[in-house]
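Trainee: Model the full structure from these sequences, guided by the hints.
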Amino acid sequence: MFKSMRWKFITVYFLLVFIAMSIVGVFIVKNLEENEKQKVSSNLEKYVEDFRNTSTAIAKDNWSKFSKEIQQDLNRQPLGYSETIYTIYNSDVPRIVATTTGNKEVIGKSVAEYKILKSELILQALKGLKRENEYEDEEGKGIIVKHLAYPIENNMGEVKGIIYITSDLGDMYATIEYAKKILTQATILALFITVFLGFFIARSITGPINDVTVKAEKMAKGDFNQFVEVKSDDEIGQLASMFNYLTTKLKKTISEVHREKSKLDTIFTYMADGVIAVDTDGNIIHANPIALKALNIEGESINDINCYDLFKKYNGDLLLEKIKDNDNLEENNVLEIDSSVYRVKYAPYKNDKNEVGGLILVLQDVTEQQKLENMRREFVANVSHELKTPITTIKSYTETLLDGGIESKELSCQFLDVMNGECDRMARIVRDLLQLSNLDYKQTKWNKTSVDVNKLLNDIYMKMEISAKDKKQKLNLKTENDRLNITVDKDKIEQVILNVVSNAMKYTPEGGNINIKSRLEEDDVIITVKDNGIGIPKEDLDRIFERFYRVDKARSRDLGGTGLGLSIAKQIIEYHGGKIVINSKYNKGTQVDIILPIE
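The numbering used here runs 1145 ahead of the 1-based position in the sequence shown.
Quick caveat, the hints were computed from the structure, so don't treat them as lab data. Take the hints with a grain of salt, since some may be wrong.
Result set (DSS-like, lysine-lysine): computed pairs, CA atoms no more than 27 Å apart in a straight line [what the hints assert, rightly or not]:
| id | residue 1 | residue 2 |
| --- | --- | --- |
| 1 | LYS1715 | LYS1675 |
| 2 | LYS1623 | LYS1635 |
| 3 | LYS1733 | LYS1617 |
| 4 | LYS1305 | LYS1275 |
| 5 | LYS1600 | LYS1715 |
| 6 | LYS1363 | LYS1326 |
| 7 | LYS1651 | LYS1623 |
| 8 | LYS1326 | LYS1366 |
| 9 | LYS1260 | LYS1182 |
| 10 | LYS1438 | LYS1408 |
| 11 | LYS1305 | LYS1408 |
| 12 | LYS1593 | LYS1724 |
| 13 | LYS1275 | LYS1213 |
Mentor: Structural data, given as structure tokens:
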């Protein structure tokens, strides 16, 4: 209960009021008691002075002779009901000569015999000193009695007697007790009112604080739509206003952070490169989908995978120890995973202590670049080789002629025929390269006209029939429709079909069949060239349209050709909005489908 601020406030209020009322009560009672005692002392002295001034007998020296006159004067003296006066004559033995008690037996007794009178006060009074004190009554009733011993001197300055007066202080102490009772009741009432009012006052203070606390707890759980009602301009109101301001700023800040995080998450998730964050021990903290896919860890928990153990399988240079010791963080490392190639770059990131907390690794897929680079190298090597062979042949024959072979006309003509053939071969290569270049840079001039596919195939059949017979091959043509018109560049399409038929004849052994067929399928004209030749291995089909690519390089060169025909054919067909598809089974044959939109 006392952990609550409300009860602490109430307890503080209670203690403050209790202490204040106690101090005030003690002060009032103390002063009241002192005032009452002073009043009693003043009254007793006044009674004595009045008696001394009004009694003629008391002025006499020998009080024992005038005891009756003194008694009569005492009887006439007005006193309170609680006061009693004794007159004591100072002789060899101080004796009582008169009293207001009404007890005649007291008259003549010595003060030593009458125990009510206090000898210490009398002895002091006999010395000329006025003394007073409080004593409990002799009957043991607990009543406090005020005693005053007043010395009376003669003309010689000697104490001739004592006026001894007592006063019952019971009423005074009863009044003081009553005052204490009232003060106690007032204190209890004040404390009750304090607790009651303190509860509401503390509630007015702790209520808004509790409201702030409850809503702060909701905010801690993620609900930031909290608002505290401001009921005053004091510190509590300022706290509520500041809480509302904090809530507004926090919502705005979190919204901005969420927006930025969303941007970063989107960028991180959909960026083309793989990104991995690892700590200094190599544990993967975060990885985007591209990185997970590249490392083949989809569906697995990345918390159980060590990045460097994973890299160790692909590249021994990407070990944690080597990376830590490597100052050149921009150095490229390559990972070859399955058929993909990734370039890895890494950079450190720092934690809140400004220490290196781990690394950010970026996996850049360079498979296509690597493939293009390999193709470029192969292309340069193939072009060099294709041009080197005829140049070498021409140079060899030229040197032979210069060394004396020219003297033989028959040998010279034979050599010149060979050299002419090699020149034609280089011319074909250069022509094909120029055609590819024109196609690449869109500098080819096209002459589109309406062409009858069947008539075009008949013309090609007539051109290739003699070559097929020379190789003892059977060339067949079959057309399904009477008329299939397409709008194309006739020469370019004829070049494509001739290239495909020529390849079929080239890679089909003697006695083989080459079938040419045309058909209409929906809005497309499909020209099919099918042979039962040596076929193409499955692993080479994806690269068959690459420039200078040959399945069997040695045999391809023996059979002639530049290795550019299919590349040129593909670009021509695609320019016309069609496509060329090759299906082949090794040692069983190849089928080429040329698909063009109908007119």
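Trainee: Decide, hint by hint, whether the structure agrees.
Mentor: Hints, one by one, checked against the model:
1. Annotation: proposed proximity of LYS1715 to LYS1675 holds, straight-line Cα distance about 17 Å (limit 27 Å).
2. For a cut-off of 27 Å, the pair hint linking LYS1623 to LYS1635 stands: about 20 Å separates their Cα positions.
3. About 18 Å separates the Cα atoms of LYS1733 and LYS1617, which keeps this hinted pair within 27 Å; it holds.
4. At most 27 Å may separate the alpha-carbon atoms for a hinted pair to count; LYS1305 and LYS1275 meet this at roughly 14 Å.
5. Note on LYS1600 and LYS1715: the hinted pairing holds, with a Cα-Cα distance of about 22 Å set against a maximum of 27 Å.
6. Among the hinted pairs, LYS1363 with LYS1326 is inconsistent with the structure: their alpha-carbon atoms are about 53 Å apart, more than 27 Å.
7. Using a Cα cut-off of 27 Å, the hinted pair LYS1651 and LYS1623 holds, with the two alpha carbons roughly 21 Å apart.
8. A threshold of 27 Å between alpha carbons decides the hint, and for LYS1326 with LYS1366 the separation of about 56 Å lies outside it, so the pair is violated.
9. Simply put, LYS1260 and LYS1182 have alpha-carbon atoms about 24 Å apart, close enough for the 27 Å limit, and the pair holds.
10. Between LYS1438 and LYS1408, the direct Cα distance comes to roughly 22 Å. Compliance with the 27 Å bound is thereby established for this hinted pair.
11. Pair hint LYS1305 plus LYS1408 does not hold up; C-alpha atoms about 117 Å apart against a cutoff of 27 Å.
12. With a CA separation close to 17 Å, the supplied pair LYS1593 and LYS1724 stays within the 27 Å bound.
13. The suggested pairing of LYS1275 with LYS1213 holds, with an alpha-carbon distance near 25 Å, which does not exceed 27 Å.
Checked against the numbered hints above, the structure breaks hints 6, 8, 11 and satisfies the rest.
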